[in-house]
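Chains as they are written, first to last, in our numbering: chain A, 7 to 336; chain B, 91 to 635; chain C, 10 to 350; chain D, 1094 to 1415; chain E, 47 to 367.
Please note: incorrect hints may appear among the correct ones.
What the hints assert, rightly or not - Below are the BS3-like pairs computed for lysine-lysine, each with C-alpha atoms no more than 27 Å apart in a straight line:
(1) C:K349 <-> A:K247
(2) C:K99 <-> C:K68
(3) C:K349 <-> D:K1295
(4) B:K328 <-> B:K103
(5) A:K332 <-> E:K73
(6) A:K247 <-> C:K134
(7) B:K328 <-> A:K201
Keep in mind that the hints were calculated from the coordinates and are not lab data.
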Amino acid sequence: MLKYILKRTFIGVFVLAIVSAVVFGIFYILPADPARLACGKACTPELMDRIRHTLELDQPLSVQYGRFVKGIFAGRTYLAGTEAELNCDAPCLGYSYQNDLPVTSLLMDRLPATLSIAFGASILWLLVGLSSGIVSALRRGTMLDKFSQGIALGAASLQIYFVGLILQFIFVDKLAILPIPGYTSPFDSVSDWAKQMALAWFTLAFLLSAIYSRLTRAGMIEVMSEDYVRTARAKGLSGRKINSRHVLRGAITPIVTVFGLDLGALLGGAVITEYVFNIPGLGKLSTDAVANLDIPVVTGTVLFSAFFVVTANIVVDLIYSALDPKVRLT
Amino acid sequence: ATPASWVGPVPAKTGATKGGTVTVITQADFEHLDPARNYVGGTLDFYRLFIRTLTQYRTVNGKTELVPDLAADLGTTNDGGLSWTFKLRPNLKYEDGSKITCEDLKYGTMRSYNDDILDGGTTYAKDFIDNPTNYKGPYTDPNGDLYGVQCSAKGDEITYVLTQPIPYFPYVTTFGSFTAIPKAKDTKQNYDNRPFSSGPYKIESYDRGKQLTLVRNSYWDTKTDPIRWNYPDKFVVKMGADQNVIEQSLISDSGEAKTSVSTDTNIVTNLSKVLGKPAYKNRLFSFLSPYNRYYAINVDTVKDVNVRKAIQCAFDFKTVLAAAGGTNSGQYANSTIPPSIKTGYRNFTVCERDVIKNPEAQIAKAKAYLAKASDKKTTLRLAYRDKGVEPLRAAAVEQALKAAGFTVIMDKYPGSGYYSTVSKRGGDKEPDIVQTSWAFDWSAASGIVYALFDARTMTSTDAKSNYSRGNFADLQKLFAQADQSAPAAQEKILGDIEQKLIQDKAAHISIYFERSHMMSGSKLGGVQIDNGWGDLSVIGAYVKK
Amino acid sequence: MSNFLEVKNLCINFPTDDGLVKAVDNLSFSVEKGKTLGLVGESGSGKSVTSLAILGLHKGSRAQVSGQIFVGGVEINAGSESDIRKLRGKQMAMIFQDSLTALNPFYTIGDQIIEAYQVHNNVSKAEAKKHAIDMLDRVGIAEPQKRADDYPHQFSGGMRQRAMIAMALSCDPSLLIADEPTTALDVTVQAQILELLRQLQKDFGTAIILITHDLGVVAETTDDVLLMYAGKAVEYGSVRDVLAKPQHPYGWGLLTSIPRLTGDPDKRLAAISGMPPSMISVPSGCAFHPRCSYQSTVGPACLASVPQLLPVSEGDHHLVRCHLDVKTRVDIFNNQVAPKL
Amino acid sequence: MSAILKVTGLTKHFSGSKHGFFGNADLIQAVDGLNFEITAGEALGLVGESGCGKSTTGKLITRLLEPSRGTIEYEGQDITHLTSKELKPIRRQLQMIFQDPYSSLNPRHTVGTIIATPFKISGITPEGGVKKRVQELLEIVGLNPEHYNRYPHEFSGGQRQRIGIARALALRPKVIVADEPVSALDVSIQAQVINLMKDLQKDFGLTFIFIAHDLAVVRHFAQRVAVMYLGKIVEIADRDTLYSNPKHPYTKALLSAVPEVDPDAVGARQRITLTGDVPNPINPPSGCRFRTRCWKAQEVCADKAPELLQVGRSTVACHFPE
Amino acid sequence: MSTAAIATHSGIEGRSPTQMAWQRLKKDRSAKISGSVIAFFLLLAITAPVFTWIMHTTPDEFHPETLDPEFATNPLGKFGGISGTHWFGVEPRTGRDVFLRFVYGARTSLTIALAATLVATVIGIVIGLISGFFGGKTDLALSRTMEITLAFPSILFALAITPVLENVFEGWGLPPGNGTRIPVMIFVLAMFGWPYIARIVRGQVISLREREFVEAARALGASKFHLVFNQILPNLWAPILVTVALNIPTMITAEAALTFLGAGVIDPTSDWGAMLLASVPFYSINPTYTFIPGFALFLLVLSFSLLGDSIRDALDPRSSR
Ligand SMILES: Nc1ncnc2c1ncn2[C@@H]1O[C@H](COP(=O)(O)OP(=O)(O)OP(=O)(O)O)[C@@H](O)[C@H]1O
Ligand SMILES: Nc1ncnc2c1ncn2[C@@H]1O[C@H](COP(=O)(O)OP(=O)(O)OP(=O)(O)O)[C@@H](O)[C@H]1O
Ligand SMILES: [Mg+2]
Ligand SMILES: [Mg+2]
Ligand code: NI
């Protein structure tokens, strides 16, 4: 088990190394010169050169990458030994000259909003998705089933940005029962936090619970036709026990897997949701950074998101092995 | 005698009371708070709350004028404009109660020479002040001295020695490289996060990208300051809101929005909901901003003047302004110098018509010019920025040019870094037309024409802000003449230069001056339009009881 | 002794997209306590479907079940799911065909037996576990203490089948239905399992229905045999009658076509021609007629009418469904079939 | 009569799942040192319990698997390590019939295509064209030649198995390896297929390796029978000898475990019930692999693997043959 | 099993599994409806120029006269300027005809989504086949590549990489503007789409590789080429078709999302994602403008999903819901 985790972590780090190398390499062939961006309106060639030096763009790519990797594990300084020395503690994911801050602190700054979205929405969609899926499966073929699955099918075809705007139009502009979305720290005001997040939660949860409802229903129905469920009936178990102990237990594994991966992807930034609702999370940070070609931030966020994806993969595999006795971790 | 407007305190606003918190909502964080590094309109205006410069603009009862700030007068020059001497106000204090000295003022200028570390900011000090020893700034050159700035023995006067006569020098000293910073308090690039206050407020906390909180500076004395009020207890700047969100929350005017104002958000989308509606009359501030939206035609690549004239004629001012929001969002322009700068403004024609009265495209004329051209360049690369309505404006231009028979390559650039990219000379993707804008650095032709059209600012690889890359011998001769002229005469020459450049050389098309419509909450008073840099100013804001 | 299980006129149909599948047609049989009935027939002849009906497991599915099934005097087909549920496990239990899929892969073998035991016995988990280990021991699992905590996939096929049996027997059911318990197993393991079943029956007097298509298994383990073809009983009687003196052409075909360990190995096997019938369009009349060599002997009746399941002789317990008259049948058996056996 | 096929020391080890990142993979000793030969026109039966390596042996002989050790000689030629090109002409003569009639036919091909595949692959055009030959083959295996354009799903298991046989016969092979050809079939159909194969063997003089787990079926088909246990042959003898006088305890147990159909004969035979299952080929018992289930096992069985030796008319690998 | 019944039907021509699936599909009502909707959109996209002719304007033409001259963000007239000449109203600020932009937007969106699906499918099939068939080190390397590709935060990375690729593609001589942007989008979408198809193909190949009919062909001395293309590939079409059908809506969504986030086609070329993006500031003043592309996108994605479900059910009736 421990060996397995170590092995997976090793592979995960390998994947992240490749991701970071690719991201790094790609900006090497970027059309706009990053130094030029940092130089500002009144730029002189000398200043450009100095910025280029500060950004270390005058170094070979391999040196830049090497220092970057070192920064992640051991921290680093930019412009070491000069007057303008900048410290960037481990884990240092780069330094944003447009924000004049280490990327790590930017990420940490934005993380709470993203965490808020991810956890709020995931609780909602799990509750709604699972329960409607279970009810549908148990009442298969009834009007209730058809109705909820019809909605789920429709909802799964909707776009976050479209639903988000519609909901915002209804709840903020017309009914005015919700404030304009944004982010307030829950430590400042829990109610403001919840009210401002509500639309993001609902929108994400609406679309995702549709998917989970369908997934749950399909999984349950598939398990219901398994021979072992028939065995359970033949033992004389009650319907409720069969459904909870056998059917749900059998159907839960793929759901947990998908959930883990979804959550992992979401933690890396709910890009579209944050964009639509203007929530200052990782997704917004990264889209802004892309728009401004703030390369250290882009690199940092891509890597950070990939970290969540990779971690989610490992966690999912571990959970999977815990849930499915057939899977032996070696 | 000293004019009344030069001495503090500034006249009180009627109905204003002290106390409360004023919230300023902005879309973006200030680029820099370090005065030496800042060059952005809204910030220049805002940081006056805690930064005093040698001279500054004062706006009282809607009238803006240049007045001494740290200085006690607007400077005197005796050697033909080559050196300027300013008297300094006595008894000025920093936020810790220590005295503001002439040496601090000199140091404030000196540190701006270390622009490798303190990037951004204006380059005027470096451009104009005499520096025979090639001083590089205190970080690089700890023992060096800047010859061109000299304090009198008593420390009550400061003298700037220039390399050329600059008649408008007192305007230049409004910028942040002419503020006082005690050497001991200089934290280099970290100064950006916590400038040391000399104004009525000081920084309590600053969370980059999120929030800046200002509280009162008890050592500031209202009697020494003819410019600044100090009504609220606190200013809180909340950053990073979306344009639409700001528009909506200010219109809805609920909760905190009541005491909020946005100084960087022009109401565009929802303008029809508020403009001319009595309910918003008192809190909607509509004014002509100094921003001129214009198109530079690259004379390096579009060499034939007839082609450039064809381009000028093809432009449909109407669709371009519609894309920007219609006549409520802008006022047609023929030049970049606004009519309000009376000494420099010229009323001339573009494509032989008065564009203000007749903004439609002149397709027939465009085709005629194109037919006349010997070097028929019909494929044009239009550079524009992916920000706000700019892509739409570009599309309007594309359409107009196509109608005149041009082929247009649309070159969209990311939001930031646009200007530095399109000013690059040479290269295979150099734009033929640059969609851009300019706001004067001071309200004079000299604050516009030098920066935009003087070939001397350019290098072989960088056009700087001369996006049309104009370098015409006859015009350069006029520039040389202007350098040597007194302010009024200089303004006239600069006006001539612009007219020639647009009318004859056809290197430039100004489309409109932006109309700003900004809002404040209903419980906020004292918000005013400041014509110094053409901004909405919170310097006199107060919370209504 | 009265019959513990009594099935009367059982019909089971499945409506499908292709048509109505008449899986079981008018089936009647009974089993006494302590006796074993063999249910024999080729694939698709309705054996499993019948056994599921006895446990009432078709309830809630699309199957249409008619007729009467009495288990210990309770009528299954008329009872509600919750009533029948109480009988399952205790009065009647089942060993399923495929032990790999019939055991829940997510629970340990021990847990699954514990669950079965706790349904009908109000005992603590620890007690139930003790019982489960006992059961595993009884079915011959070595080190039951340890193996109880294994998951099904950690067991071999034979062990799984034994675990299934342990589970089915955990509440000492009065009726045990074993659906092809050994088909997937090797002969040596099959022998072990059959031995186990025999032993259990001897100890507890359980009534057993053994479903198989292996006549050898039938001969060795059952008392009575019900031979099914296309959902119908074609022959029903004691093992001795059905296997040694078969009276139906299908029975003859079956017996002569299977390779045996005795007799002349070089003799050609007497195969039944044709293929098993479709259950949707069952051949008219006698369902076996398209494959029957004696169709011409009988004439058009084979296609026209369904023969009755009748005693070979008055009062005999040996029932046959064939148009051939008794005399001809005996002749054919004696002259043509017996020599091949 | 000389051997058409001769197998010496044939061994196949599979590498199973790996343990850990740097760990070694398990070695599955699926087939371990087989020696036997088949004369032309003969049918050799190969019996044994599940997992004992029967299919692996079949696939090794047809060179579907690469042997780990040992040699295979076909008509005196060593074909153990021939390249696929060199093997091509030999493949035609060495064909295989598979166990599962459902997975052995490509569901997307028509019967015609399936039976014509051998011609296509070997690039042979038979006299009268491929189609005619395919239809002939269909007739030979007792199918309607007009079913040429149908798909496998339209046939029953027995019919599918006939299609598989027709495919194996297409190139007129000399040797056919039939891997449990009737195991998946219903009892009533099984006899049809056995009869068909027997007829074909006679008509075409085919040599058969007939793999099965059912001793009774093998008895009706093969003239000589080899019994395998856990990757090794434990006994080979001609049919009558083996069935009437088994020498290896395992053969004996196997024979006694087959249920007797005749109700009168039930109980007449002495039954030997083995305990436990076939051990894991990853970790086979030392010495004689059968010793863990053998009632005759003694110390020597654990120490020494018995050799295949001639005992009477049989060849047996046992320290204590009957 | 009704196999026996069919085998006794007279008639020599058999029905292939594909034909049977097609027959089942034809009976499926939801397939018919969703198929019609898709066909309708496709037709609209194909016949877009016809509407230009009918409406006497182009999707790019500015019509400032349809806008309030003072507030050009407000089209004159009700519901965003819906009228006989402008069926869906006009675009704020430009007065461009929304209906034409919608129709031409269908063109762009569908072209990009379908092309990306095609590219992703081809790459996915090739890599999946190689990986599944050859196994071993090749498989390990390719599987890792898939894993790494999937570890990329796709939307974000797509946004970041677009300008870079644009530069590269332009360097290869593609025309600037949308001439480059569209191929870049197709490339980017395909880049993150192929692993899904490759994974499925790989899984199928691995299971097919073990099937006895492949062994049978090998026993006949078939080349690898024959095994892959004659034996395995025909059995892959069904799962591939299902995956592709279910992938198209994902691609449409992704394309729109990318454009919505600003890495999509460049104005004036119209696209549904771009229309939605452009409508955002006006959603409260002019909801029609938001609703039209949003609803169309919804309808198209829903239809493709339904059709995908139907195709899956038809090809594999046992797996149905
Ligand atoms: N749920 C169902 N829906 C439709 N038909 C069914 C269903 N279950 C069984 N059948 C059909 O009923 C018939 C009898 O099936 P059953 O499973 O009882 O056969 P069996 O005798 O047990 O065969 P085997 O030996 O293969 O297990 C078959 O034709 C089968 O296809
Ligand atoms: N490709 C393979 N990789 C790893 N192990 C294999 C492989 N093929 C077979 N084995 C193992 O080799 C052993 C012998 O397998 P084989 O298929 O030859 O048995 P068999 O006698 O044909 O059994 P059955 O009667 O079940 O068909 C088994 O333990 C099996 O798990
Ligand atoms: Mg069955
Ligand atoms: Mg096998
Ligand atoms: Ni059929």
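Exercise for the section: Identify every previously stated hint that the structure contradicts and give their numbers, smallest first. Expected result: 1, 5
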